[in-house]
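**Student:** Given chain A, put chain B in place with the hints provided.
Protein chains: 2
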Amino acid sequence: MLPVPTAGFTLDARLEADSEQVIWLGLCELRLMNDRRWPWLVLVPQRQGIEEIHDLTPLDQTMLTFETNMVAQALKRMTGCTKINSAALGNVVRQLHVHIVARSEDDPGWPGPVWGHGIREPYKAADIHRFAQRIKAAL
Amino acid sequence: MLPVPTAGFTLDARLEADSEQVIWLGLCELRLMNDRRWPWLVLVPQRQGIEEIHDLTPLDQTMLTFETNMVAQALKRMTGCTKINSAALGNVVRQLHVHIVARSEDDPGWPGPVWGHGIREPYKAADIHRFAQRIKAAL
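Listed in order, the protein sequences are those of chains A and B.
Position in the first sequence counted from 1, then plus 6, gives you the numbering used here.
Position in the second sequence counted from 1, then plus 6, gives you the numbering used here.
Hints in this document: simulated from the structure, not taken from any laboratory.
The list cannot tell twin chains apart, which means a pair is met if one copy fits it or any two copies do.
EDC-like mimics (lysine to aspartate or glutamate), calculated; alpha carbons at most 16 Å apart, straight line:
no.	residue 1	residue 2
1	K130	E26
2	K82	D61
3	K89	E57
4	K82	D113
5	K89	D113
6	K89	E111
7	K82	E58
8	K82	E57
9	K142	E26
10	K89	D112
11	K130	D24
12	K89	D61
13	K142	E73
14	K82	E111
15	K89	E58
Chain A with its partners taken away, still in its complex shape:
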């Protein structure tokens, strides 16, 4: 794992504002969305100017698959959720990022998608920090 961000990569300002850093993996920065309605992680490949998964190199695509699955498995194990929702949308924020969301039958908006559903509910500062630590421990 890389201890520092990749030189020359700048995180999108909206992603930075809406989420908290959890850890750097080999390709991606793993971030936690600051929305306590769902356990919601985001993987951001540290590659400047990439908008689509298919614009990554084959090696980076393989890394992204590996990191997505590692994070999805950890999140499912940790939350006991019914279903993982993973998606690369990017209609608003164009910098490539992959959502990994833990969904359960009793969560807001189930079985609909989380994107565009209602208003974000931020965590208390101590709670988001604690949750990020739990995710790190689960990886």
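**Tutor:** Using the frame of chain A, we list chain B on its own:
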């Protein structure tokens, strides 16, 4: 490419009803959602009983990444869309399937997600067949 479906695999009845077959790839059946509001493809890995990408074998995950990207590139080239949305949700239909949708600024619901947006608008039979042929030619 396999000319026939994998023995022992049964397509989910709802997926079958809502989409038309385009082609069998190495791992997945590629299907076209019968909703003319968006160019919307679905990849269904021919593996019985799998609900999450991370439950596929590492080889199957690599195949899925490859086929997803091949299809996404072809769809983007063919439609000239602004953004590909790709997602594995499965909150309603649990059989693993990956959505690949061509999105543009003037399409219904932009920039929100397509899932849960309004009512499906089926193609005319001749139109969906023609569109499926165009996709096959673009791959």
